[in-house]
Amino acid sequence: MTNPIKYTHFFKQSLAFILTVLLGLMIGYAAIHLKELAKSSYVEGDYSNFYVNAKSQVILYGTATCPFCKEARSYLKSKNISFADYDVNLHEQGQKDFEKLNGEVVPLILIGDRKISGFDLQAIDDALLQLNN
Numbered sequence: 001m002t003n004p005i006k007y008t009h010f011f012k013q014s015l016a017f018i019l020t021v022l023l024g025l026m027i028g029y030a031a032i033h034l035k036e037l038a039k040s041s042y043v044e045g046d047y048s049n050f051y052v053n054a055k056s057q058v059i060l061y062g063t064a065t066c067p068f069c070k071e072a073r074s075y076l077k078s079k080n081i082s083f084a085d086y087d088v089n090l091h092e093q094g095q096k097d098f099e100k101l102n103g104e105v106v107p108l109i110l111i112g113d114r115k116i117s118g119f120d121l122q123a124i125d126d127a128l129l130q131l132n133n
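Counting from 1, one number per residue, gives the positions in the sequence shown under UniProt numbering.
Derived by calculation from the structure, the hints in this document are not laboratory data. You may find that some hints are simply not true.
Unchecked claim - Heads up, simulated BS3-like pairs for lysine-lysine below, C-alpha to C-alpha not over 27 Å straight-line:
#1 55 - 79
#2 55 - 100
#3 77 - 96
#4 12 - 55
#5 70 - 96
#6 55 - 77
Please model the complete structure; the sequences and the hints are all you need to start from.
Set out below in structure tokens:
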């Protein structure tokens, strides 16, 4: 006959081990990605050299196929914001500027003294508010 206490003890130890491993994995994952979570979606700087040929202090670098670029364009248009729009795949100067700006993702949006990586509504609204003040 088997001892049920022995199996209960084994089950509890196994469960404790599994939970400890899972907790460790979650803490490790959080530690690795914490820097990304805390990272701001914009960088402040002097981007005046990029506005030389632009008729606006808002420039969007993107592509025709990027859904977030389309959303950013639609959003800016819905707010009646005049902006320069460069397709980095088709526009040579847009590609050069994107590289000079160390662009990693599209859309890359310049608004005044802010460079916004990705489609971040809050960052866009904050930058537009700062630009108009």
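Structure-based check of all given hints:
| no. | hint | in the structure |
| --- | --- | --- |
| 1 | 55 - 79 | holds (17 Å) |
| 2 | 55 - 100 | holds (20 Å) |
| 3 | 77 - 96 | holds (25 Å) |
| 4 | 12 - 55 | violated (69 Å) |
| 5 | 70 - 96 | holds (21 Å) |
| 6 | 55 - 77 | holds (15 Å) |
Of the hints listed earlier, the one the structure fails to meet is number 4.
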